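Please model the entire structure based on the sequences and the hints provided.
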Amino acid sequence: MKNRLKVLRAERDWSQADLAERLGVSRQTINAIETEKYDPSLPLALKIGRLFDQCVEKIFVLTD
Amino acid sequence: MVESKIAEVLKESKEVVDHAMEAVAQTKRVYGARLLMRGLLWVAIYVIARGLLETAIEPRSLRIAIALLPVPFFVWWLWTWMKGVRRMDELERRIELEALAFAFPIAVVLLMTLGLLDLAMPLNPDDWSLRHVWAMMPALYFMGLWRAKRRYQ
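Residue numbers (my numbering), protein chains in the order written: chain A, 1 to 64; chain B, 1 to 153.
Treat the hints as calculated values from the structure; they're not laboratory data.
This one's a predicted model, so the numbers in the text were calculated from it and none came from an experiment.
It cannot be assumed that every hint is accurate.
Said to hold, decoys possible - Below, in silico cross-link-like pairs of lysine to aspartate or glutamate (EDC-like), each with a Cα-Cα straight-line distance of 20 Å or less:
| no. | chain 1 | residue 1 | chain 2 | residue 2 |
| --- | --- | --- | --- | --- |
| 1 | B | 28 | A | 21 |
| 2 | A | 37 | B | 3 |
| 3 | A | 37 | B | 58 |
| 4 | B | 149 | A | 34 |
| 5 | A | 47 | B | 89 |
| 6 | A | 37 | B | 8 |
| 7 | A | 47 | B | 90 |
| 8 | A | 2 | B | 90 |
| 9 | B | 28 | A | 39 |
| 10 | B | 28 | B | 96 |
| 11 | B | 149 | A | 36 |
| 12 | B | 149 | A | 13 |
Here it is, written out as C-alpha cells:
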C-alpha cells in the first residue's frame with residue numbers, strides 16, 4: 001500500500017516525532033508507515049485522515 | 001574511496017547508536033524503570049537461590065522452598081511486561097508478537113532435539129541440564145526482537 005503521509009507531514013513542517021505525538025504512536029511507527037514497511041490499522045488510518053482533514057483513500061492507495 | 005568507505009561506516013554506526021537510543025527511549029516510555037528493576041530483582045533472587053541450592057543445605061523441604069523462591073519475582077516481572085505491552089502502539093505490539101513467534105517455535109525445536117539427543121546418547125547434565133538450557137529462551141526472544149525491529153526500521 002502506498003501513502004502520502006511524508007508529503008502531508010512535510011507540508012505542515014512537522015517532524016516524525018511531532019506527528020507521532022499527535023497520533024499517540026511511536027516515531028518508529030510513523031517511519032515504518034512512511035517507508036511503506038507497515039500498513040496502519042483502520043483506526044489509525046482514520047485518525048491520520050482526520051488529522052490531515054482528508055479521506056483515507058486520498059492518503060493511502062492500495063496497489064496490486 | 002577509503003574516505004567514502006569510512007563515511008559509510010560512520011553513518012551506519014550512527015544509525016545503530018540512534019536505533020539503540022530509540023529502543024531505550026521506547027522502553028523507558030512504556031515501562032519507566034520498573035521492568036529493569038523487577039527483572040534485576042528476579043535475576044538476583046534466582047542467582048541467590050541457585051547458589052544456595054549448590055551448597056549442601058538441608059532439609060529437602062527447605063531446598064524445594066528455595067527452588068520456588070524466584071517464581072513470584074518472575075511473575076511480578078512478567079505482569080509488568082504484560083502491562084507494558086498493553087500500553088504499546090500497534091506496531092510495537094506486532095514487533096513483540098513477531099519476536100515471540102520467532103522465539104517460541106525455535107525453543108520448542110531445540111528442546112525437542114535435546115530430548116531426542118539425550119535418548120540417543122546421554123548428554124552431560126553439567127552442560128545440557130534445564131538449569132542451563134532455559135537461558136536460551138530469553139536469548140531467542142531478544143534475537144527475535146532485534147530481527148523484528150530491523151524489519152520496520
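Each hint, compared with the structure:
At roughly 16 Å between alpha-carbon atoms, residue 28 (chain B) and residue 21 (chain A) fall within 20 Å of each other, so this suggested pair holds. Between residue 37 (chain A) and residue 3 (chain B) the alpha-carbon distance is near 32 Å, which puts this suggested pair outside the 20 Å criterion. Among the hinted pairs, residue 37 (chain A) with residue 58 (chain B) is inconsistent with the structure: their alpha-carbon atoms are about 57 Å apart, more than 20 Å. Taking the CA atoms of residue 149 (chain B) and residue 34 (chain A), the gap is near 16 Å; set against the 20 Å cutoff, the hint holds.
Distance check on the hinted pair: residue 47 (chain A) and residue 89 (chain B) sit about 13 Å apart at the alpha-carbon level, within 20 Å; holds. For a cut-off of 20 Å, the pair hint linking residue 37 (chain A) to residue 8 (chain B) is broken: about 23 Å separates their Cα positions. Restraint check for residue 47 (chain A) and residue 90 (chain B): the C-alpha separation of about 13 Å stays at or below 20 Å, so the hint holds. Taken as a hint, the residue 2 (chain A) and residue 90 (chain B) pair is honoured in the structure, with Cα atoms around 19 Å apart against an allowance of 20 Å.
For the hint pairing residue 28 (chain B) with residue 39 (chain A), the CA-to-CA distance comes to about 25 Å; that exceeds 20 Å, so the pair is violated. For the hint linking residue 28 (chain B) to residue 96 (chain B), the alpha-carbon distance of about 16 Å falls within 20 Å, and the restraint holds. For the suggested pair residue 149 (chain B) and residue 36 (chain A), the alpha carbons sit about 15 Å apart, so the restraint of at most 20 Å is met. For the suggested pair residue 149 (chain B) and residue 13 (chain A), the alpha carbons sit about 27 Å apart, so the restraint of at most 20 Å is broken.
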